[in-house]
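Listed in order, the protein sequences are those of chains A and B. Those letters in the first sequence? Residues 0 to 106, by numbering that gives the first Met the number 0. Those letters in the second sequence? Residues 0 to 421, by numbering that gives the first Met the number 0.
There may be inaccurate statements among the hints.
The calculated DSBU-like cross-link candidates involving lysine-lysine, where the alpha carbons are at most 30 Å apart (straight line), are [to be verified]:
#, chain 1, residue 1, chain 2, residue 2
1, B, LYS332, B, LYS322
2, B, LYS153, B, LYS226
3, B, LYS153, A, LYS56
4, B, LYS226, B, LYS198
5, B, LYS71, B, LYS226
6, B, LYS153, B, LYS409
7, B, LYS71, A, LYS68
8, A, LYS68, A, LYS56
9, B, LYS71, A, LYS56
These are computed hints drawn from the structure, not numbers from a lab.
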Amino acid sequence: MGAAGPMTEAMYYILLTLTVPSHGYQLMSAVTQASRGRVQMGPGTLYGVLTRLETEKLIEIVSDDGRRKVYAITESGRAALRMETERLRSMLDDQERWKGEMQCLTE
Amino acid sequence: MFDRVEHRAADGSDTVRRWIRDDISDLDRNESWFSDMAEQGLFIDHFGACFAYFRKGTPRKTRYRIDVLSRKLTEDELALYDSCGWHFVVMEIENHWTPVYFYVYQTDENATIPELHTDPMEQAESLRRLHRGGMWDLCLSVALLLFWSWSSLKRHLYAQHQFDFLINGDATYVYWTLFSCFAVVEGLRRWRNVRRLYKRLAGGTPLDHHADYRAAHRFYALTAYLKPLLWALAMVTLLAQLAFSALDGTRPLPEGTPDFPAVRLAEIHKGLDSPDAVEGESNHELTWAGTVENRLWERGNDPETRMQITLSTTCYRLLFEGKADRAFDALLKEKWYRGISDEYWTAAATQVDTDLVDEAWAVAPGAQDDWQYALYVRDGQYIVTFSYTNHNVGRTEEERAAFRDGCTDKILPILAARLDEA
Numbered sequence: 000m001g002a003a004g005p006m007t008e009a010m011y012y013i014l015l016t017l018t019v020p021s022h023g024y025q026l027m028s029a030v031t032q033a034s035r036g037r038v039q040m041g042p043g044t045l046y047g048v049l050t051r052l053e054t055e056k057l058i059e060i061v062s063d064d065g066r067r068k069v070y071a072i073t074e075s076g077r078a079a080l081r082m083e084t085e086r087l088r089s090m091l092d093d094q095e096r097w098k099g100e101m102q103c104l105t106e
Numbered sequence: 000m001f002d003r004v005e006h007r008a009a010d011g012s013d014t015v016r017r018w019i020r021d022d023i024s025d026l027d028r029n030e031s032w033f034s035d036m037a038e039q040g041l042f043i044d045h046f047g048a049c050f051a052y053f054r055k056g057t058p059r060k061t062r063y064r065i066d067v068l069s070r071k072l073t074e075d076e077l078a079l080y081d082s083c084g085w086h087f088v089v090m091e092i093e094n095h096w097t098p099v100y101f102y103v104y105q106t107d108e109n110a111t112i113p114e115l116h117t118d119p120m121e122q123a124e125s126l127r128r129l130h131r132g133g134m135w136d137l138c139l140s141v142a143l144l145l146f147w148s149w150s151s152l153k154r155h156l157y158a159q160h161q162f163d164f165l166i167n168g169d170a171t172y173v174y175w176t177l178f179s180c181f182a183v184v185e186g187l188r189r190w191r192n193v194r195r196l197y198k199r200l201a202g203g204t205p206l207d208h209h210a211d212y213r214a215a216h217r218f219y220a221l222t223a224y225l226k227p228l229l230w231a232l233a234m235v236t237l238l239a240q241l242a243f244s245a246l247d248g249t250r251p252l253p254e255g256t257p258d259f260p261a262v263r264l265a266e267i268h269k270g271l272d273s274p275d276a277v278e279g280e281s282n283h284e285l286t287w288a289g290t291v292e293n294r295l296w297e298r299g300n301d302p303e304t305r306m307q308i309t310l311s312t313t314c315y316r317l318l319f320e321g322k323a324d325r326a327f328d329a330l331l332k333e334k335w336y337r338g339i340s341d342e343y344w345t346a347a348a349t350q351v352d353t354d355l356v357d358e359a360w361a362v363a364p365g366a367q368d369d370w371q372y373a374l375y376v377r378d379g380q381y382i383v384t385f386s387y388t389n390h391n392v393g394r395t396e397e398e399r400a401a402f403r404d405g406c407t408d409k410i411l412p413i414l415a416a417r418l419d420e421a
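Just chain A, same shape as in the assembly (with noise of 0.2 Å):
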């Protein structure tokens, strides 16, 4: 799992919400708030791939004083994320035209 490979879902919304730079209290609520309360992240979960993350490169360190940090999104994750959206998009509508086409043949 990585830039190159299928994100998982934690993963997601991190880079999804980090388009608005963010600390971890913003952005565990960003994650609930993104996801329509779908996604309640832990925080373990959270700092182990924002961890991940920024030794990927796919987010960076905006602002530190040493108490708190801000992450904001890299060039470089706006493109796996952007990746990641095509994927997940792409299978939808795969789902989409099978369903329609299996409708057309028992018809």
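Given the coordinates of chain A, assemble chain B onto it according to the supplied hints.
For chain B alone, kept in the frame of chain A given last:
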């Protein structure tokens, strides 16, 4: 909410300690163990080298979670965990090529809060580095084990190492082989455990926070007890080595007869009676095998030819006579195998027919060194080796053999008398 306002007494009387039998990386078993201890009123407080320290408190059902991170969390980040209901207890660092941080959190069993890790696959990712580091640790310990086992084994198998083994002993080799064995067992255990957790999480199954740890604790009890024992052994080995090196020492040449069986250069070469004519040093050593090793090295110039002459004597006093017998055989074999052809050795080396000592072999110049005469003597628990370098030994084989016999006739009686005195 979980009551965290319980502090340790200043004298530490409200803490108890328990052996740590599992690694901290056995996340599920440790979480389960800490929860069971909390039900008995013992709350994990901190870790020592061999013990986990528990704080006494009111027994209550408590959930514990261990988070693995590759970096230290800031206070702000820890506060976020806290606001999510996960209260930080203790942090432990392990070094697997790079540091790995284990954070232990607790919360009340009935707290309605999200899990610390809500995505098993992401938690598996957090174990990836630990898994890889564990594999490298294991490879290194296997390589160390192979190296020390081979080093130890070859001292028993090959003649050229047996003399060294009989004189110097095997304590360091045995210790390091044992230590490497232990490291392999520990490394394998750790790697297998991390792999087990990693595979489970990567398959999308969350950890079992009530995993059975008792069977593993029983199984690992032996290695848990071995660990301090090996550390103690390491300390003893180190201290003994320090003591030995403090006892050993290079000293200036003694005046007159040394306090161990040896022959002085002045006794076998004319014109070197004056103290200024000879320079050199002596050395004393005690080995792991209990052998006392004394060396005497002298150098002077022949008054007539001005050519350099050296005499080197090494006297080993072994613990008992039987060992000296075996060591002497090994010594001759070692000399034999050290680049000297059978033919040359047979021509140059001869067993001395004598009643003065138990066994003696003399080697003419040309066998080991062009200008070096050698004498190997065994008597009781003593082994003495001489090498005498003189450039005036003759050119032909006959001349050199005559030089050898002349030297032996001169040196052996003096040495035999010194051995009798010793």
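Here's how the hints hold up against the structure:
no.	hint	in the structure
1	B:LYS332 / B:LYS322	holds (15 Å)
2	B:LYS153 / B:LYS226	holds (27 Å)
3	B:LYS153 / A:LYS56	violated (51 Å)
4	B:LYS226 / B:LYS198	holds (28 Å)
5	B:LYS71 / B:LYS226	holds (28 Å)
6	B:LYS153 / B:LYS409	violated (38 Å)
7	B:LYS71 / A:LYS68	holds (13 Å)
8	A:LYS68 / A:LYS56	holds (16 Å)
9	B:LYS71 / A:LYS56	holds (19 Å)
The structure fails hints 3 and 6 (numbered hints given earlier, in ascending order).
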